[in-house]
Every structure is written in structure tokens, then in C-alpha cells.
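Residue numbers (this note's numbering), protein chains in the order written: chain A, 1 to 387; chain B, 1 to 387.
None of these hints come from the bench; they were simulated from the model. Errors might be hidden in some of the hints.
Each pair may be met inside one copy or between any two copies, as identical chains are not told apart.
Said to hold, decoys possible - With a cut-off of at most 25 Å between alpha-carbon atoms, the simulated PhoX-like pairs for lysine-lysine come out as follows:
#1 216 - 307
#2 171 - 307
#3 287 - 44
#4 171 - 216
#5 287 - 216
#6 171 - 44
#7 44 - 307
#8 287 - 307
#9 171 - 287
2 protein chains.
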Amino acid sequence: MPPPSERLQALVGRGVAEIDTPALVVDLDAMHRNVARMAEFARKHGVRWRPHAKMHKSAELARLMVEAGAIGCCVQKTAEAEAMAAGGVHDIYISNEVVAPHKLARVAVLAHQLAAEGGRLAIAVDSIEGIRRLAQAMANAHAAIDVFVEIDVGQNRCGVPPGPEAVTLAKAVAEHAALRFAGLQAYHGRAQHLRGAQERRDTIAVVIEDVVHTRKLIEAEGIAVELVTGAGSGTMVCEAASGVYGELQAGSFLFMDADYAANERDPAQPQFEHALFVKTQVIGVHKDRAICDAGHKSHAIDSGLPKVLAVDPDSELEYGNGGDEHGILRPFRGGHRLPAIGRFLWLIPGHCDPTVNLHDALVGVRGGLRSGTVERIIRVDARGALT
Amino acid sequence: MPPPSERLQALVGRGVAEIDTPALVVDLDAMHRNVARMAEFARKHGVRWRPHAKMHKSAELARLMVEAGAIGCCVQKTAEAEAMAAGGVHDIYISNEVVAPHKLARVAVLAHQLAAEGGRLAIAVDSIEGIRRLAQAMANAHAAIDVFVEIDVGQNRCGVPPGPEAVTLAKAVAEHAALRFAGLQAYHGRAQHLRGAQERRDTIAVVIEDVVHTRKLIEAEGIAVELVTGAGSGTMVCEAASGVYGELQAGSFLFMDADYAANERDPAQPQFEHALFVKTQVIGVHKDRAICDAGHKSHAIDSGLPKVLAVDPDSELEYGNGGDEHGILRPFRGGHRLPAIGRFLWLIPGHCDPTVNLHDALVGVRGGLRSGTVERIIRVDARGALT
Chain A
1 MPPPSERLQA LVGRGVAEID TPALVVDLDA MHRNVARMAE FARKHGVRWR
51 PHAKMHKSAE LARLMVEAGA IGCCVQKTAE AEAMAAGGVH DIYISNEVVA
101 PHKLARVAVL AHQLAAEGGR LAIAVDSIEG IRRLAQAMAN AHAAIDVFVE
151 IDVGQNRCGV PPGPEAVTLA KAVAEHAALR FAGLQAYHGR AQHLRGAQER
201 RDTIAVVIED VVHTRKLIEA EGIAVELVTG AGSGTMVCEA ASGVYGELQA
251 GSFLFMDADY AANERDPAQP QFEHALFVKT QVIGVHKDRA ICDAGHKSHA
301 IDSGLPKVLA VDPDSELEYG NGGDEHGILR PFRGGHRLPA IGRFLWLIPG
351 HCDPTVNLHD ALVGVRGGLR SGTVERIIRV DARGALT
Chain B
1 MPPPSERLQA LVGRGVAEID TPALVVDLDA MHRNVARMAE FARKHGVRWR
51 PHAKMHKSAE LARLMVEAGA IGCCVQKTAE AEAMAAGGVH DIYISNEVVA
101 PHKLARVAVL AHQLAAEGGR LAIAVDSIEG IRRLAQAMAN AHAAIDVFVE
151 IDVGQNRCGV PPGPEAVTLA KAVAEHAALR FAGLQAYHGR AQHLRGAQER
201 RDTIAVVIED VVHTRKLIEA EGIAVELVTG AGSGTMVCEA ASGVYGELQA
251 GSFLFMDADY AANERDPAQP QFEHALFVKT QVIGVHKDRA ICDAGHKSHA
301 IDSGLPKVLA VDPDSELEYG NGGDEHGILR PFRGGHRLPA IGRFLWLIPG
351 HCDPTVNLHD ALVGVRGGLR SGTVERIIRV DARGALT
């Protein structure tokens, strides 16, 4: 469903000032520069990039990156894969475990469909039971799928430990005719947010040792490990330079967020720009505070509150938690003025992924946030696609 | 748009076990008991109840409570008011400030429409500028609206301080023919979550003094204060017994959440039950942890992580943050067993309002979570209704 116009309040061709609030706005100029930098980075390092669509959840944006050189996209959920396929993406990797028979039947249908389009579907596994169920579903549907064995390289979430358990799983995958062992999934989510560049390099150095060791053990069994896939926007310079990772899954570089901006930039990292903003409006001004109309139904707060984009130094504002529907703005650093009622402000979300998931659409703007124009409305196709 | 069936994976008439995960499930038996207790409570205290629809965002649930005796509903956003009106609710109060001319034009259209249906629309104000804009929009549309002056009784968010500033606003409202001064909005959001029952009573006692004082000042100007409206599920026993509040806005009682359950129950408070759950499923089991498929794209974490509903004492589990798409479950208290792959679990969300806002639909179940049946799918009409 296109979002009801009365909810979105943004019209293509009209000025930025007319976008009603709150709205999730993409600075398309900044976004395109981020895409070009990422494409150039991957080309320079000779690695594939498969940006994670769990972040933007939009088939239009996934296709845009394929046109810029991406191999396809990653997703976390079966329903996200379906949304991306329906929107014209043909090479999709579910970088997560799926075990429900209902969902695996859908995975099989999708694998069939993508193969028929000349594309393909891949998925991750981390258990014998998961492999058994996946193989059963694929056999039932006479479908085939690429399978990555996930190893836990420090996230302590999904994946088996590097080493013999991964070999056991690789061998189990190789036993099933419908499953094609495609390599290793090795993603360290927490490492993305380590603040120091050297700290991230040190952490990923250990990850790479674990990956190399595991790969050697699997190959000693006569099973080729064609690809190691992983990496996020925080550590991708390490994986790209490793000679071990063949594919980068970074997604957040497209929009950047306040949390990634808080990282010390690695000198090897392209300079990505903030491209995602919540446009909000002041609805009240009181003695010591201004109140805006964006709360945590407009932006996620799991990685901290949003930052207020400073328009000029004497009006810098700090965003305080005002609950689901409000933000509480107070003068900050050199700031000493409160904005007037009706004044528009721009928030940089703490975490882009769950922020995008709150919105049915992104308002794409050209020409900057001050005086730009709405170029297009980008559907968040997989918003709420949880299953 | 009805959510695509492949995303929702719940069929009316089928058993609870068949609901695919993650899904937001309402225990309809518990919910109806909560409604009956609230209706009885309001009747006993001779107060109106106008449950807040910002919580459930569903016109069906708003109507259900009107049938049980509620006067109508509250909302926070113009788009929520539009969704409730479109779904057959005729008496709506926007308990928040609206200042954007675009939105005020929509408010005027809605006021007209509801009046034509024999219903009405009300709104809150907390500034002269807001009153001026509201009056202008209503005059432009030849519409009229009920107006509550919001006083800040301790939340430090919206509202003017109790006392003379509120009188100034009441007089300003009374000057405009299109605006009907209806009383005071006095809601203390933070007080809802003070853990001790006595602490909440003490806090609301001060609120009530402020309200009474402000009311006296306004009435001394010859302006009647017909109604004081406010109260949430945490403090409503205090406002209900005050003789000052004529209307309760509590909304969370319908579903309850882990945060409200953490309050010490006031003996005067009806015993509300948890009625909202995220059904999730174990997708991986590792040495020290099980991984489930619900993360903070399935439930809000602003008021803490969800609790795992304990099925039996030796399998009690604690939910740990696994990011956007995962939960990390570890044995808890007496628990010493990890659940198997595919096992279903039920999470009690920390905060119901922003959790509901993540979902397009609620799966309504009769007969309990163990062996009940899906009775109906409840649309979250105002999901994402931000403007």
C-alpha cells in the first residue's frame, strides 16, 4: 500500500519546507555519493559487495546498488527476501538461520523463482537440525539453494564456534543434493561499534585467524570454501584488505547514523556522509526547553538518542527523550537560543536500521535539506517484514 | 492494506501453534477481562474513561471499549485521529499540541466531519501562538472544536506551569468563537512508572493541588472549567478518587506490559493481566544460549527488554538483547534447561505502545496461549501514523 497521502505529507516536486513532520528524509545527493564511494572501495579491493537490505528494506534502493555494482543483497528474514525479489532483486542471501517448516517452504518457492529468473538464493545454517529441515524443504519442492555455514566469530549470537563443529556442518551440507555448500558466514556485529579504529582492527585480526583456520579444516576434508562473507560498515576496511573475505555485507554506509559517526574513522575507510534524517517541528517552547513532534515512534533509540543537526553554532540543541511522540530540546554546547514554534529541525538517528523500519516510506530530497526539492518517495517494501 | 498473508502467517480458526513467528498476539480472554475491570472501576468512581488509542492504534479496539462504556478515545497525532474516525469512533480527543497549518486544516475537516456524525473533536493547547493558529484554521473551515489547556504537572514536557499562565491561555481560548474552552489537560507521564504505590499517591496529591489551584484561578475569571482530564494506567486510582478529575485517559491497562507489571500494585487498582505477547521461536541452540527470532524490530526496548513467559519453573529463561532480529536466551533463576530448536516462546514486551506500532496487525487468540485458537486479526490502523 502506498502510505495514505494524509499521513506522509510530502509531494514530489515540492520544496523541502513543505514536508510535514515527522518524516524520514533521505538526502539523495549524499546517498549517491556514499554509493559511489562504496562501489569504488569494493572495486579497489577486488571484493564483491552485497549490501544488507535489513537496513533500508527498500527494493528500489537494493536495485540502485546493484546498478552501481553490488552483486545483490543480504536480508535477515524470509519476508524481506520475498519483498526484495518482488521488487526485482535476483541475487539474495538470507544471512540468518530459518528453521520453521512454514518459512522453509517459502524459501524453497523463492529459490525456484529466483533460479528461473537467472538469479539465486542463499541462506545460512548453524545446526544439523537446521540443515536437515532445510534439505527436507528443498527436496519437497525440487529446489536447490546455496548454503553458508555460520561461525560465531565473537558476536556470541548465531553460529557454531570456529573449528571442528563448522567442519561437521559443512560435511552435512555437502551430503544433501539440494544444498550447495557455498562457504562461510562470519560476521562480528559488536565489532562494528568498537570506537577505536585500532581496536576494531585488532578484533577483526582475530576473526580472520579463526576464519582461516576453519577454512583450512574444511578444505582438508576435500570441500572447497569458495567464499567467506561478512563485514559491516564499521570494520569493512579490515575484511576487505584481508584477502580472506570475498564479499562485504555492509549496509549502513548508505545512510550512516549517529552511532557509526561516533566511531573513530579508520583512515582506510571511505568518508561516508549522513544521508538519513528525521524532519521534525517545534510544537511548544517553554522556559528551559522546546518540544518537537518526533519521539521514539519516529526513530529507534536502541543505539542512543538522535543528534540534532546544528544549523548555526548559537542554536545548537541537545535532543532529550520525551517518550513515544515528543523530543525535549535544550541548548547545547555554545547554543543559547531555543527555536520558535513551528521551526523545523533535522535529527540524525542513532541507528538507521530500526529507524527505517518505523516508516512506510522515505522522502527522497535533492538539493540539500535547506532548500532542496522532493525528488521521489521511496517505499520501505519490507517494513514490518518480520517472519 | 491488509498485511500480506505471507508476512503474517496466522489464519483465523487455526490453533495457536500454527501462528508463525515473530507475531504480536493478544490473549482476547485476558483483554476482555481487563476491559470489564476498567469499565467497572470507572463506573464505581463516577468518572468517564477515554482510553488512549496511541497505545493500541486500532479502531476495532477503540470501538470495543466504547461499547463497554468508554466515552471515546484519546490520540496524540492528527493522523491517529483520522484513522480512529475512519474506523467508526466519533468522540476523539487529540491530547497533544498541533501547530502545523497543514495539520490544523486536517483537524478542522475532522472536527466538521465528527460534528456532522453527532460526535466531536477536542484538542490540547499550551501556547498563545498555538491558540492563534488553531482558531485561524477553524475559522477558515467554519468549524468548531473543544479545547483543553494543558498544564505541566511534573512531566516537564508539554504544558504551561499551573497558575496564571494557564489562566491567560483559557482567556485566549474563550475569546475565539470557533474554540470552546473545555477544561484542563493534566497528565503526569513519569508518575505512571514510579515503582512504589505510596510514591505515586504522593506525587499525584501534589498534581491535584496544582490542578485545583489553577481551576480556581480560571473560574475566578468567570470561565467554567467543566472537565479535568488525564491519568494513566499507573496512577489512575489517585485521579479517579480525587473528585477533581472527571475523565481518565489510561490506555495500557488493556494489554499491560512488563514495565507496568514492575510497579507495586496499589490496592485500589484493578488487577489487570498481561494480554499482549510476542510469539517467538528458537532458531539456534548453542552451548550456553538459545537464539530466538524476535529482536527489537518485533518489540520496543525503551522501557527495558521483554520478559519470557515461564512455562515451567525449570525452564525459566532470561531474554538478552540480540539486536534487531534476535533475542539471546539464557537459563534464569531456577531454570537450567535450554529450549530446543523450533520451540515457541512468549515474550511480554517492556512497553506496549511502541511495540504495537511495529506491527500491522495483532493476532487475537481465544482459549489461552497453550492451546487456543486464532479468533480474529486486529488491524493496527494507525501504525506509523506520525503526522
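Within a copy, between copies, both or neither: which one fits residue 287 and residue 307 at a CA-CA cutoff of 25 Å? Classified as within: same-chain Cα gap 22 Å, cross-chain 39 Å, threshold 25 Å.
Using 25 Å as the alpha carbon limit, work out where residue 44 and residue 307 are close: within a copy, between copies, both or neither. neither (33 Å within a copy, 47 Å between copies)
Please work out whether the CA atoms of residue 171 and residue 307 approach to 25 Å or closer within one copy, between two copies, in both situations, or in neither? Neither way: residue 171 and residue 307 sit 48 Å apart in one copy and 38 Å across, limit 25 Å.
Under a CA distance limit of 25 Å, which applies to residue 287 and residue 44: within one copy, between copies, both, or neither? neither (54 Å within a copy, 40 Å between copies)
Homo-oligomer pair classification [residue 216, residue 287; C-alpha up to 25 Å]: between (66 Å within a copy, 24 Å between copies)
Regarding residue 171 and residue 216, is the shortest C-alpha distance of 25 Å or less found within a copy, between copies, in both, or in neither? within (14 Å within a copy, 80 Å between copies)
What label fits residue 171 with residue 287 when the C-alpha limit is 25 Å: within, between, both, or neither? between (68 Å within a copy, 21 Å between copies)
Can you tell me if residue 171 and residue 44 fall within 25 Å by alpha carbon in one copy, between copies, both or neither? neither (34 Å within a copy, 69 Å between copies)
Checking an output row: residue 216 and residue 307, CA cutoff 25 Å. Within, between, both or neither? For residue 216 and residue 307, the Cα distance exceeds 25 Å both inside one copy (45 Å) and across copies (42 Å).
Checked against the numbered hints above, the structure breaks hints 1, 2, 3, 6 and 7 and satisfies the rest.
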